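S.K.: As a plain string of letters, each chain reads:
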Amino acid sequence: AAGVIQSPRHLIKEKRETATLKCYPIPRHDTVYWYQQGPGQDPQFLISFYEKMQSDKGSIPDRFSAQQFSDYHSELNMSSLELGDSALYFCASSLQSSGYKDTQYFGPGTRLTVL
Amino acid sequence: QQQVKQSPQSLIVQKGGISIINCAYENTAFDYFPWYQQFPGKGPALLIAIRPDVSEKKEGRFTISFNKSAKQFSLHIMDSQPGDSATYFCAANSSASKIIFGSGTRLSIRP
Numbered sequence: 001a002a003g004v005i006q007s008p009r010h011l012i013k014e015k016r017e018t019a020t021l022k023c024y025p026i027p028r029h030d031t032v033y034w035y036q037q038g039p040g041q042d043p044q045f046l047i048s049f050y051e052k053m054q055s056d057k058g059s060i061p062d063r064f065s066a067q068q069f070s071d072y073h074s075e076l077n078m079s080s081l082e083l084g085d086s087a088l089y090f091c092a093s094s095l096q097s098s099g100y101k102d103t104q105y106f107g108p109g110t111r112l113t114v115l
Numbered sequence: 001q002q003q004v005k006q007s008p009q010s011l012i013v014q015k016g017g018i019s020i021i022n023c024a025y026e027n028t029a030f031d032y033f034p035w036y037q038q039f040p041g042k043g044p045a046l047l048i049a050i051r052p053d054v055s056e057k058k059e060g061r062f063t064i065s066f067n068k069s070a071k072q073f074s075l076h077i078m079d080s081q082p083g084d085s086a087t088y089f090c091a092a093n094s095s096a097s098k099i100i101f102g103s104g105t106r107l108s109i110r111p
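Protein chains in written order, with this note's numbering: chain A, 1 to 115; chain B, 1 to 111.
Everything labelled a hint here was simulated from the structure, so no lab data went into it.
These figures come from a predicted structure and were not determined experimentally.
Some hints here could point you the wrong way.
To be verified - Short, incomplete list of chain B residues facing chain A, as computed with Cβ under 8 Å:
1. 46
2. 93
3. 98
4. 99
Quick reminder that beta carbons are idealized off the backbone N, C-alpha and C, glycines included.
The shape of chain A in the complex, shown without the other chains (with noise of 0.2 Å):
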């Protein structure tokens, strides 16, 4: 069965630097979760869109920015990127209109490091 994917999956930038981190959620499925994971840390919630509408907003730093395009696909773009914004960064999604909405389906993540 088709899973969610995440590009790229690694990435590495400098300071001060902006990146890009896409998600292309399963098949149908309209709600799309960004999480940030820390080393040794459970993964926080940053932000979520349905039906590319932002549906709530987590501890995301006003220097990243997320959109759901029209084919569900999501961007989460970061900028003036600091060192502490190296982490896991996991793309969840899920079925909104389905008897199993409250189940996430995790991407593979992209990890990205700031130098």
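Position chain B relative to chain A; hints supplied.
M.R.: Frame of chain A; chain B shown alone:
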């Protein structure tokens, strides 16, 4: 403040033994409790999940026990195998919203 409290932080179990991880929550609005398994450098993989109207759910070697009145739930892994060595996260969410994760348990199964 951790909304979902998980223990222990790490656990070592002999092969063939039972691994038990415990979680507790405060927010009674939570209505869905999944467990995720994560290997180093990989994404969390959904293992098993339960809703509060059920006290127990079993899938293969994995069982969730749920105590609604105590606001506690636990994961039991029967006949633990070396391949089960991973980090396990309990979690909770409500109304298809963001997932709140526990702090994780690093499980090691000794051969």
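S.K.: Which hint numbers doesn't this structure obey?
M.R.: none
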